[in-house]
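Undergrad: So the chains spell out like this:
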Amino acid sequence: MTTTTLDQAHPAKRSTLVEWLTTVDHKKIGILYGASAFIFFLLGGIEALIIRTQLMGPNGTLVSPEFYNQLFTMHGTTMIFLGVMPLSAMFFNFFIPLLIGARDVAFPRLNAMSLWVFLLGGLFMNASFLLNAAPNGGWFGYAPLSSRQYSPGLNMDFWVIGLQILGIASLAAGVNFFTTILNMRARGMTLMRMPMFVWSTLITQVLVLLSFPIITVALIMLMVDRTFGASFFSVGGGGDPLLWQHLFWLFGHPEVYILILPAFGIVSEILPVFSRKPLFGYSAMVFSMAFIAFLGFGVWSHHMFATGMGPLADTFFSLATMLIAVPTGVKIFNWIGTTWGGSLQLRTPMLFALGFIAMFIIGGLSGVMHSVAPADLQQTDTYFVVAHFHYVLFGGSIFALTAGAYYWWPKMFGTMLSESIGKVHFWLMLAGFNLTFFPMHFAGLLGMPRRIYAYPAGLGFEVYNMMATAGAFLLAISILVFMYNMWVSARRGEPAPADPWGGATLEWSIPSPPQEWNFTDEPIVTDRDDLWAQKRAAGVRTLPEPALSDGKGIHLPGPSWWPLIVAIGILIFFIGFMVPHTYAFPFGPITIAGFLLTTVGIFKWAYEPPDANATHH
Amino acid sequence: MSSTLAHDDAHAAHHTSLPVDNRKLAIWTFIGSECLFFATLISTYLIYKDTHAKGPGPKDIFEVPLVTAGTAVLLFSSFFVVMALNGAQEGNRKKLLGWLGATIMCGLFFLGMQVYEFNHFYHLGLGYTTNLFGTSFYTLTGFHGTHVAIGTLWLMTVFKDALKGRMPPAKALNLELAALYWHFVDVVWIIIFPVVYLMSLRS
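Listed in order, the protein sequences are those of chains A and B.
All residue numbers for the first sequence refer to the numbering used here, where the first residue is 66 and numbers rise by one.
All residue numbers for the second sequence refer to the numbering used here, where the first residue is 32 and numbers rise by one.
Worth flagging that the hints you see were computed from the coordinates, not collected in a lab.
Owing to the predicted nature of the structure, the values given are computational and were not obtained by experimental measurement.
Each statement offered as a hint is correct.
Here are the computed lysine-lysine pairs in the DSBU-like style, where the Cα-Cα straight-line distance is at most 35 Å:
| hint | chain 1 | residue 1 | chain 2 | residue 2 |
| --- | --- | --- | --- | --- |
| 1 | A | Lys669 | B | Lys202 |
| 2 | B | Lys202 | A | Lys617 |
| 3 | B | Lys126 | A | Lys669 |
| 4 | A | Lys669 | B | Lys125 |
According to the in silico footprint, chain B covers these stretches of chain A (three or more CB under 8 Å from chain B):
| hint | segment |
| --- | --- |
| 5 | 232–245 |
| 6 | 269–280 |
| 7 | 299–306 |
According to the in silico footprint, chain A covers these stretches of chain B (three or more CB under 8 Å from chain A):
| hint | segment |
| --- | --- |
| 8 | 71–81 |
| 9 | 154–167 |
For glycine and all other residues, C-beta sits at the position ideal for the given N, C-alpha and C.
Given the sequences, and given the hints that come with them, work out the whole structure.
TA: Here you go:
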């Protein structure tokens with residue numbers, strides 16, 4: 066009956082493709098973020114497998130040194146900007162409005178624009194492979210290697226311009242989610258009643274808003290150096306290459322917290338539900354996260370100990386870095402405290418969340434080792450560093466994001482993922498992950514450098530590399546198992562009830578999947594873990610299944626083409642800077658065309674009537 | 032249905048958690064982010080202002096009187112836009128159009144001054160890539176000028192709406208958002224003016 070009402074409500078039924086291209090629904094946008102990011106994640110994974118096959122034994126000959134440079138650069142760039150960040154964005158999009166009891170984000174069309182800019186930027190950067198000119202200067206693009214003199218091809222242009230485009234998506238989303246969380250909370254949801262994932266998202270957006278402008282300016286300067294022959298980072302013209310490193314890591318260090326804080330949030334949602342206990346030390350969790358974010362802006366130079374900054378700077382950045390271990394330790398103890406004495410339910414999301422804690426501790430410990438400047442000098446640019454950041458990024462972020470995927474999949478798609486396949490996935494991934502990255506600690510301490518396409522025999526690297534390669538393929542198999550699980554769930558998954566896990570937060574009070582308007586009646590929050598409070602008040606373990614509604618009288622913003630068109634305009638605008646031109650004027654015809662399309666799009670968007678193409682209920 | 036910038040009107044009636052409109056909060060957030068954008072540009076300028084082995088340096092070319100006039104005009108424009116907003120809130124169309132027109136003229140004058148100044152410097156031998164002082168100076172003030180241009184265009188859009196009678200007091204927020212951005216652009220110049228121009232007067 067509900068479906069009939071909905072069909073009648075559509076004045077002109079739109080095709081499915083048009084519906085997705087013009088959607089402003091945060092849930093559809095979230096799914097599009099997730100689907101595109103997962104494909105980019107697979108691409109980055111294939112790059113990793115080629116790298117591992119090349120390094121399987123000494124003197125590998127699978128790929129050329131030039132292609133190897135492209136592989137490790139694109140692997141890093143893809144996993145950070147096109148994998149982990151947008152996978153987090155999938156959860157921001159789908160769940161922030163649900164967790165705070167809102168019907169959408171503050172700016173639905175801006176949200177759609179972020180998605181399209183991200184997707185087009187990611188496709189643009191990967192299109193470089195078609196020209197055999199993928200970025201090849203490392204994900205950090207160190208000057209002067211990234212200057213025109215040492216990187217004459219289009220490779221680093223793709224990197225500079227691709228990152229610039231992706232930055233626009235992140236900044237727009239940052240403004241949007243910061244406003245949404247501060248201003249769209251349900252009545253009664255004070256800041257200190259917000260679920261921890263909402264807190265982690267809010268703090269992540271602050272980091273995005275304050276760190277992305279820095280890399281934007283740095284990328285502009287690098288582009289100006291490359292395109293117009295300026296010398297911001299070239300010694301020949303009086304420039305200082307170290308300025309690039311400072312600006313890059315002023316952005317780059319907050320960036321690593323942008324990658325890990327959402328993971329903290331996800332795990333902080335899952336552990337209480339599967340321990341049947343509220344989160345231990347809620348306010349300590351909030352403040353430690355804020356403290357980590359604050360310190361995150363004061364430690365960038367620990368990436369630069371090897372540049373010789375002098376004892377004073379080294380000491381300061383060493384101590385500041387060690388200080389970060391304190392709030393991080395507070396979080397780890399609070400997670401353990403949450404599970405302590407709980408009635409643990411070892412379902413798949415919980416397994417991944419526990420796996421996250423263990424793996425993240427290992428990565429955190431090697432991180433503290435790096436903070437000791439003299440030790441770091443030995444470890445810089447070795448596989449020890451590779452081991453460290455994979456323990457925090459894969460063992461941390463990816464484990465937590467996978468936990469979130471298992472936890473929230475039923476809400477997103479209305480079917481359960483298989484528990485038995487999920488457990489196979491977990492154990493394979495845990496084994497494969499440790500087999501890949503643990504031996505890298507030893508290879509690194511033996512002195513194996515990063516970013517080399519081959520190593521000679523007889524230095525003791527062979528066995529560790531062979532183990533890492535075997536582990537990488539095991540990891541790949543675990544991802545295939547995950548994909549099989551998703552396929553099984555889509556084909557014949559058990560239908561999910563509204564509240565499959567006995568959840569504590571508002572998203573479990575509405576049908577799975579949620580209806581377009583999320584909440585038929587706007588919720589009123591009276592407690593932290595509000596749904597548990599409701600269940601306690603009603604004296605039940607699970608609330609009755611919520612009824613579907615026809616959504617009469619609920620106003621939703623209409624779909625719009627303009628976000629997509631503006632995103633295309635932005636892409637064309639930036640592509641214009643890649644075309645070499647002989648005249649002095651900095652803007653070529655392509656840039657101007659892109660600028661005009663963007664401007665027209667923004668005006669059309671701003672003047673689009675509020676109910677254009679809206680669904681009236 | 033009349034077209035309007037206030038496309039979120041239908042949502043404006045919605046409850047907000049803080050006593051501030053979504054769009055206003057978003058502009059403030061964006062301004063916070065922009066602070067870091069200009070902080071990075073200004074720091075870079077400070078690092079490179081004395082790097083001019085070739086070509087002119089700051090002391091050779093800056094003409095403080097002209098820029099002082101531009102600065103004054105920009106400062107006054109911030110006052111003018113407040114008066115325009117007051118007119119919009121009162122529903123006083125004449126006041127709104129008059130002061131808003133004056134603000135836009137100030138923006139255009141400032142942009143004209145900058146075009147003249149860049150052209151003048153170019154003829155004194157300071158091209159974009161002549162030396163790092165020039166590159167970082169043009170990049171910093173060029174991006175500030177871009178912001179002034181965007182702000183002027185935004186104010187002109189509101190002016191056009193007001194001219195067509197589409198700016199009732201209920202929509203004064205449309206102007207307030209543009210005005211907030213305008214004030215920010217102005218504040219950035221208040222930092223650039225002493226740091227770039229006045230500091231070059233010292234020995």
